[in-house]
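For reference, the chains in residue letters:
Number of protein chains: 2
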Amino acid sequence: MTVAVPGDSLIRPRPSGASLKSEFVAFKVNRIVEAASRLFYERGYSSCTLDNVASQLSVTKPFLYSYFRNKEAILAAICEVGISEALGVLEDVLAHEHDSHRARLAEVVRKVGRIVIDRQEYVVVYQREMKHLSADDYKRILRLRHSFDHQIGEMIREGVASGEFREDIDPFIAVWIGGLISWIPTWYSSSGQRSAEEVIEYLVQAALRLAGAE
Amino acid sequence: MTVAVPGDSLIRPRPSGASLKSEFVAFKVNRIVEAASRLFYERGYSSCTLDNVASQLSVTKPFLYSYFRNKEAILAAICEVGISEALGVLEDVLAHEHDSHRARLAEVVRKVGRIVIDRQEYVVVYQREMKHLSADDYKRILRLRHSFDHQIGEMIREGVASGEFREDIDPFIAVWIGGLISWIPTWYSSSGQRSAEEVIEYLVQAALRLAGAE
DNA sequence: TGTAAAAACTACTAGCAGGTAGATATTTTT
DNA sequence: AAAAATATCTACCTGCTAGTAGTTTTTACA
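In order, the protein sequence lines correspond to chains A and B.
For the first sequence, position 58 matches number 58 in this note's numbering, and the numbering has no gaps at all.
In this note's numbering, each residue carries its 1-based index in the second sequence increased by 214.
Bear in mind the hints are in silico, worked out from the structure with no lab data behind them.
A couple of the hints might just be wrong.
Counterexamples of contact, computed for chain B against chain A with all Cβ distances above 12 Å [to be verified]:
hint, residue
1, A232
2, A309
3, K325
4, I331
5, D363
Below, a list of computed lysine-lysine pairs in the BS3-like style, where the Cα atoms sit at most 25 Å apart [said to hold, decoys possible]:
hint, chain 1, residue 1, chain 2, residue 2
6, B, K275, B, K242
7, A, K28, A, K61
8, A, K71, A, K28
9, B, K325, A, K131
10, A, K131, B, K285
11, A, K61, A, K71
12, B, K275, B, K285
13, A, K131, A, K61
14, B, K345, A, K71
Computed spacing ranges between beta-carbons, pair by pair [to be verified]:
hint, chain 1, residue 1, chain 2, residue 2, range
15, B, L271, A, D168, 41 to 49 Å
16, B, E305, A, E197, 34 to 42 Å
17, B, R380, A, S162, 20 to 28 Å
18, A, E197, B, E381, 19 to 27 Å
19, A, Q56, B, V217, 42 to 50 Å
20, B, H312, A, S58, 55 to 63 Å
21, B, S230, A, S58, 20 to 28 Å
22, B, A410, A, D168, 19 to 27 Å
Glycine is no exception: its CB is placed at the ideal position from the N, C-alpha and C atoms.
Working from the sequences, and respecting the hints, build out all of it.
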């Protein structure tokens, strides 16, 4: 799994002028975001202190402040990574030709599902804790989310237009497919011994069934 | 909508020995739980202060402490109301004869879905904030949840045995139906102008399709 | 190896939030 | 109407947590 780093705008400018393009900075920022995502995921953003995050990394609180403006900026970084990785994968799949709309839908669910499981902490924190973002960060992240929803919607509409998906399905189905995907962490964790692959394949079937394209 | 009150065990014993059977006590406890559920729903449990809850009711913090042991007990009350109302409705439906397993599944989704929408704040808080419960309260609430899941599972198994649901559906489908239902608040709120009835009927169709009983 | 710049730390503050002790107001009972 | 019991409030304490100022350590480079 590659390293996940947020956009430059979220980190505090280094005295040296280095940005996330510097391996050094990117590495540390990634470690902070990674540790914070795990803690926020387990205990919730508001009941997690920066001392918790720092001691998880065997550093001190001011260390965090030398990379991030404040606590909320760390949350924003997590949210950004969560949604933009999902969005990246979605656009990646949609950019490729596919045999059919059916195959395309299956691939979207499969690939995005994979990200949602691999980056579970990020995605769940993003879903649960977005309300604690500052107004600016909130708007920025929401825009990414809307783009995600919109593209899923388009994909469904095209499938209906092509005749591969049932004509009478509600356009609202896009929200449902998105819901199925977002809900994966819950399903995955409550599925006992099942592997990620099994859960995802099951989900692909469910999505096709919902679209009436089985 | 009837008044929702938690079990007696959660409230602080009154000096007079009165319990929730007293209209007087039940009324005040209900007002506290109601206000708290709305605030916890909007801002999250951990970032909500007891002063917030108190001022919402135009009372003071010690007023809350005269009815509840501590902040966590209020959360426990919300969770208890949330899950036990859903469980109550489920058992109610299952206790009745139905023409078919198909009709029974539809009715479960319809009735439980209704509760989930009507008691949205309770259900969502229960889902999101359970991790902040004390060990004892957590276990107690979890037992109710398991009972819920188990009964849905049984219903599906019976439907498969009767031949009404597809034989090849995964037993895990029970978790999915539960998931569909729990996810309603998200779907409902992102469905724009749709009425609760429309969303629920749509969901009934989706559940039947997932069970292969359309 | 010496020096300057960058990185990380120690030690602190201010304000807030859960929880309580004791005083006051209200109701009930006799 | 007085007294007893109950309900609610005022005023406080304590511990915690986001955030910071200024010092020390480490690194980079000459």
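Hints and how they fare:
1. A232: Non-interface label stands for A232/B: nearest chain A Cβ at 34 Å, farther than 12 Å.
2. A309: holds (26 Å)
3. K325: At roughly 21 Å from the nearest Cβ of chain A, K325/B sits farther out than 12 Å, so the non-interface label holds.
4. I331: holds (15 Å)
5. D363: violated (8 Å)
6. K275/B x K242/B: holds (14 Å)
7. K28/A x K61/A: Measuring from Cα to Cα gives roughly 14 Å; hence the hint holds.
8. K71/A x K28/A: It holds: about 16 Å lies between the C-alpha atoms, which stays within 25 Å.
9. K325/B x K131/A: violated (30 Å)
10. K131/A x K285/B: holds (22 Å)
11. K61/A x K71/A: With a Cα-Cα distance of about 10 Å, the restraint between K61/A and K71/A holds, given a limit of 25 Å.
12. K275/B x K285/B: holds (10 Å)
13. K131/A x K61/A: Answer holds: K131/A to K61/A is near 24 Å, not above 25 Å.
14. K345/B x K71/A: With Cα atoms ~22 Å apart, K345/B and K71/A stay inside 25 Å; holds.
15. L271/B x D168/A: 41 to 49 Å: holds (48 Å)
16. E305/B x E197/A: 34 to 42 Å: holds (36 Å)
17. R380/B x S162/A: 20 to 28 Å: holds (27 Å)
18. E197/A x E381/B: 19 to 27 Å: holds (23 Å)
19. Q56/A x V217/B: 42 to 50 Å: holds (44 Å)
20. H312/B x S58/A: 55 to 63 Å: Given range 55 to 63 Å: holds, Cβ gap about 60 Å.
21. S230/B x S58/A: 20 to 28 Å: violated (55 Å)
22. A410/B x D168/A: 19 to 27 Å: holds (21 Å)
The structure shown violates the earlier hints numbered 5, 9, 21.
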